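Protein chains in written order, with my numbering: chain A, 1 to 261; chain B, 1001 to 1262.
Hints were generated in silico from the structure; no laboratory data involved. There may be inaccurate statements among the hints.
Here are the simulated SDA-like cross-link-like pairs (lysine to any residue), alpha carbons at most 25 angstroms apart as the crow flies [stated by the list, open to error]:
| no. | chain 1 | residue 1 | chain 2 | residue 2 |
| --- | --- | --- | --- | --- |
| 1 | B | Lys1064 | A | Arg147 |
| 2 | B | Lys1064 | A | His91 |
| 3 | B | Lys1064 | A | Ala95 |
| 4 | B | Lys1064 | A | Ala59 |
| 5 | B | Lys1064 | B | Ala1215 |
| 6 | B | Lys1064 | A | Thr209 |
Coverage of chain A stretches by chain B, computed from C-beta distances (three or more under 8 angstroms per stretch; other residues unrestricted) [claimed, not checked]:
| no. | stretch |
| --- | --- |
| 7 | 25–33 |
| 8 | 50–61 |
| 9 | 84–92 |
| 10 | 222–229 |
Just some of the chain B residues that point at chain A, by a computed CB distance under 10 angstroms [what the hints assert, rightly or not]:
| no. | residue |
| --- | --- |
| 11 | Val1033 |
| 12 | Val1054 |
| 13 | Val1061 |
| 14 | Leu1069 |
| 15 | Ser1070 |
| 16 | Thr1085 |
| 17 | Ala1100 |
| 18 | Gly1111 |
| 19 | Ala1115 |
| 20 | Leu1166 |
| 21 | Arg1169 |
| 22 | Ile1198 |
| 23 | Cys1199 |
All figures in this text were calculated on a predicted structure; none of them were measured in a lab. Idealized CB from N, CA, C, for every residue including glycine.
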Amino acid sequence: MLDDFLTRAVLGAVGVALAAAPLGGFVAWRRMAYFGDATSHAAILGVALALALSVPIFAGTLVVALAMAFLVAHLTDRGMGADLLLGVASHGALAAGLVAVSFVEGARIDLSALLFGDILALGKGDLLVIWGGGLVVAALIFWRWRRLLTATLSADLAFAGGIDPEREKRILMLALALVVAAALKIVGALLIGALLVIPAAAARPFARTPEMMVAGAAVAGVVAALLGLWAAWVFDTPAGPSIVCAAVVLFALSTLTRLRG
Amino acid sequence: MTALITASSLGVRLGGRRVLHDVDFRIAPGEIVTVVGPNGSGKSTLLRSLIGAVRSETGTVTRKDGLRLSYVPQRLQIDPSLPMTVGRFLDLPTPATGAARQAALAEAGAGELPARQLADLSGGQMQRVLLARALLNRPELLLLDEPTQGLDQPGSAAFYQRIEALRDRTGCAILMVSHELHVVMSASDRVICLNGHICCEGHPETVAQAAEYRALFGSGTGGALALYRHEHDHGHAHDHDHGHDHNHDHGSAPRHDHAEAG
């Protein structure tokens, strides 16, 4: 029988994998991998601000991640090179967050937990945040699915079909910030991007439609979560990185199978 | 007859550069209008401002109430990470029945493609799939941005024939951008010569003789136009029963020199 904290860890990891799957597809298709990194690095700054202002950590990370996403998107639209800009934003947010954390007094922040996750310390409140956030993300993406896909294929096709691609982009950013805030405790700020991209990449070789890719990413994400937790338990390794390693193994297997077949 | 879409004193600025200014444009139901002009003359921008993809700096774009409009972009770049079958693509953004999808593909000459991956299509196949998607909407106005780019001459001649047949059958108005002056002109009711503003417009032959047009394209197309000239004075708006044959074989027309724009 699983101990109670382990049950919570499993539920949390599976919840995050399911929440990340539909978004992971769009992150891949729209080449937003580094955008996701910049947004998740901003979550550290969010934690520091939340502690300094005594507001819930989830709210702090959500707001700061969202602000980061909008800022980067805004500057990219103003003609700054996306790659360069994301390099500045991603590293800048990480450094600023680490500096901000050092200002928060006392030993209230476990830096390693912030960077790599602390899945075995999940509380019931965290589970609520993960599953609640995940449901909102799934609902948002399901509701906008066709419009999001059209806008992803071509902004001009979207406009011609009466869809505002900018609005769809804002919806994806909101979903991204929600996933970041929900996943912070599971894999930490450094590896949230991995949770978005790697299961989607593992699903790609076997997908013929976007829907199949998202379903495949959900399966790969859940399997990676369970495998990673099991490995962490057996080999006494950190849980977040173990989950990401399991996802990479799945990606390698999927790609190799496809190349041979 | 009321216009489907009207632009008045339209001006567009992109990245600080004035791309279009003082453009007055309207298109009537069933009309085939071709926009020609050198590279960077604002042809694509005109189409994109008509679909609402670029904001105008001055002037207005007005659509007929409830106008059904379809747009075929110059090209569609698919990210290799996005799996997408042709059939699924036709379902975006509005779901269509399988029969409707198949009919649209057949009409666009892409009937054998529904199960193929979008990323695997050749330029010509992609062009036909984009056209099929545009037809699903049963458009009253179809906008095509250089629809034959990457097609060889017989291929593009066949494409324009398809477009003309579509207009004749459905009464759909067509606005297209093209570089292939000689082929396009024969299939157009009206030609607009654009270079930041409308230099001249009118019946293809009138435009071909206009000084403004010759200043932009030289006079080499004059001879080419003559080869492709045919009677085009029918009232087409809702007249689906044409007395004359539309199956010109553009593809087998004699070779000749012509001035390509750009």
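A quick look at each hint next to the structure:
1. Lys1064(B) with Arg147(A): Holds, at about 24 angstroms.
2. Lys1064(B) with His91(A): Status violated; Cα separation ~50 angstroms.
3. Lys1064(B) with Ala95(A): Violated, at about 54 angstroms.
4. Lys1064(B) with Ala59(A): Violated: Lys1064(B) and Ala59(A) sit about 46 angstroms apart, past 25 angstroms.
5. Lys1064(B) with Ala1215(B): 35 angstroms, violated
6. Lys1064(B) with Thr209(A): 36 angstroms, violated
7. 25–33: Coverage by chain B holds here, the residue count being 4 at a Cβ distance below 8 angstroms.
8. 50–61: violated (count 0)
9. 84–92: violated (count 0)
10. 222–229: With 0 residues in contact (Cβ-Cβ under 8 angstroms with chain B), the coverage given for the stretch 222–229 of chain A is violated.
11. Val1033: 17 angstroms, violated
12. Val1054: Check passed: Cβ of Val1054(B) comes within 9 angstroms of chain A, closer than 10 angstroms.
13. Val1061: Where the cut-off is 10 angstroms and the nearest Cβ of chain A is about 12 angstroms from Val1061(B), the hint is violated.
14. Leu1069: With Cβ-Cβ at 6 angstroms, under 10 angstroms, it holds.
15. Ser1070: 7 angstroms, holds
16. Thr1085: Hint holds; Thr1085(B) Cβ to chain A Cβ min 6 angstroms, cut 10 angstroms.
17. Ala1100: Nearest chain A Cβ about 16 angstroms off; hint violated.
18. Gly1111: Because about 20 angstroms separates Gly1111(B) from the closest Cβ in chain A, which is outside the 10 angstroms limit, the hint is violated.
19. Ala1115: At about 9 angstroms, which falls below the 10 angstroms cut-off, the nearest Cβ of chain A leaves the hint on Ala1115(B) intact, so it holds.
20. Leu1166: 17 angstroms, violated
21. Arg1169: 22 angstroms, violated
22. Ile1198: This hint is violated: Ile1198(B) lies away from chain A, its Cβ roughly 22 angstroms from the closest one there, beyond 10 angstroms.
23. Cys1199: 25 angstroms, violated
The structure fails hints 2, 3, 4, 5, 6, 8, 9, 10, 11, 13, 17, 18, 20, 21, 22 and 23 (numbered hints given earlier, in ascending order).
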